[in-house]
Amino acid sequence: MSAQVLERASVAQVWDWLEQVPDPEIPVISVVDLGIVRDVAWIDDACVITITPTYSGCPAMTVIRDDIERVLGAQGIDRIRVQTRLAPAWTTDWMSPRGKASLSGYGIAPPAQQVIDISGISRKASPALVVACPHCGSRHTRLVSQFGSTACKALYRCGDCKEPFDYFKAH
Amino acid sequence: MDQHKFEYLQRLGDTTLVLGQRLSEWCGRGPALEEDIALTNVALDLVGQTRLWLGYAAEVEGAGRDADQLAYLRDAHQFRNLLLVEQPNGSYADTLARQFLFDTWHYFLLERLQHSTDARIAEIAAKSLKEVTYHVRRSADLVVRLGDGTEESHRRMQDAFDDLWMFTGELFESDGADAELVAQGVVVDPATLAEPWRRHVSEVLEEATLRVPAGNWSQTGGRQGRHTEHLGYLLAEMQFLQRAYPGAQW
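From first to last, the protein sequence lines stand for chains X and L. By the count of the UniProt record's numbering, the first sequence reaches residue 171 at its end, each step adding exactly one. By the count of the UniProt record's numbering, the second sequence reaches residue 250 at its end, each step adding exactly one.
Take these hints with a grain of salt, some might be off.
Unchecked claim - Here are a few chain L residues that face chain X, going by a calculated C-beta distance under 7 Å:
| hint | residue |
| --- | --- |
| 1 | Leu44 |
| 2 | Val47 |
| 3 | Lys130 |
| 4 | Thr133 |
Quick caveat, the hints were computed from the structure, so don't treat them as lab data. A virtual CB, placed ideally from N, CA and C, is assigned to each residue, including glycine.
Assemble the whole structure, with the sequences as input and the hints as a guide.
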């Protein structure tokens, strides 16, 4: 009987594998490119993945947790712990340039500005946001609804190509 | 157990839970598809925040309960939510007026709680604040659109604000449970939220060509477990499954 000693995967290797875990709602972007994987570490003999929720009620988080366990499990890691970290709160600034490009190619306009301004709610201080159409590039677009198919998106319509599209809100 | 903190966390968590449940009642019944989706997404945010608040409440209690047990297995007199959020949805104007009055208060509350000396409260508040900033901008937009809309929409919005106004005094009330936590810097004195809340509500109502209701009389008691008759019906629906099939999961 030959004892096989398995080398445990490097942290960099685990990050690579996590790039194969797609967002369940937007399968063109991985959980890494979405910026929700905050840390990967070996603690004792468990592989500990720290993720941060996008929106506190996002139903995809449970699926993401299961998907991470499934993908890493398939690579032979048998002790996996997925833990949640709340602070600092997730922001679309953590989305990678590659992730934003993928969204655009998929027909979803990526976040157009830096993080949501939480410093005040006075109506005098909120300039209109210009979102470019992911189909034709026109900046002649109009907000149709503050929420789209998921909490993280809003619904827009292009004034030139007339197509509706989702906008991934800056958060 | 820190009884005051447990009490405070239930007040927050029950308030977001009950409003989340109320808004969910609009699912499939919104006046337009976009509004249907928006209200249910706001509900989702509020229920998500509830899990954080009640999850922490259960930890502080330390009695082996979890957020689900607090949500599904307490009765009306044990709920600590504000009376405003348990009011029926009514017409769309009633729902929007309730939402705007609540969102404005919620924003100013979380803005302060993100600096709580309790790290857990601070991080839940900071997380929720980003969602709530979006909520309050949306509800203000709609109040302006309908208030400054047709004669009919204007009248309905004004009636809605007039009807709900008596439940707003409770937003700024405090009692012994708050006082000690305020002294420790864990929570904010509710009374200090009144001025910024009133300023924003006045600004938006003025833009909406609506008048700020004049009455000063307040109906209160929700934070002590004394509710209007509406809460029991809401809980009967929300808690049915766990009452009928204890421990059921999917």
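To see whether the hints hold, each was checked on the structure:
For L/Leu44, the interface hint holds, the least distance from its beta-carbon to any beta-carbon of chain X being 4 Å, beneath 7 Å. Hint status for L/Val47: holds, given a least beta-carbon distance of 5 Å to chain X, under 7 Å. For L/Lys130, the interface hint holds, since its Cβ comes within 7 Å of a Cβ in chain X; the closest pair sits about 6 Å apart. Checking L/Thr133 against chain X by beta carbon gives a least distance of about 5 Å; that is within 7 Å, so the hint holds.
Every hint from the earlier list agrees with this structure, and none is contradicted.
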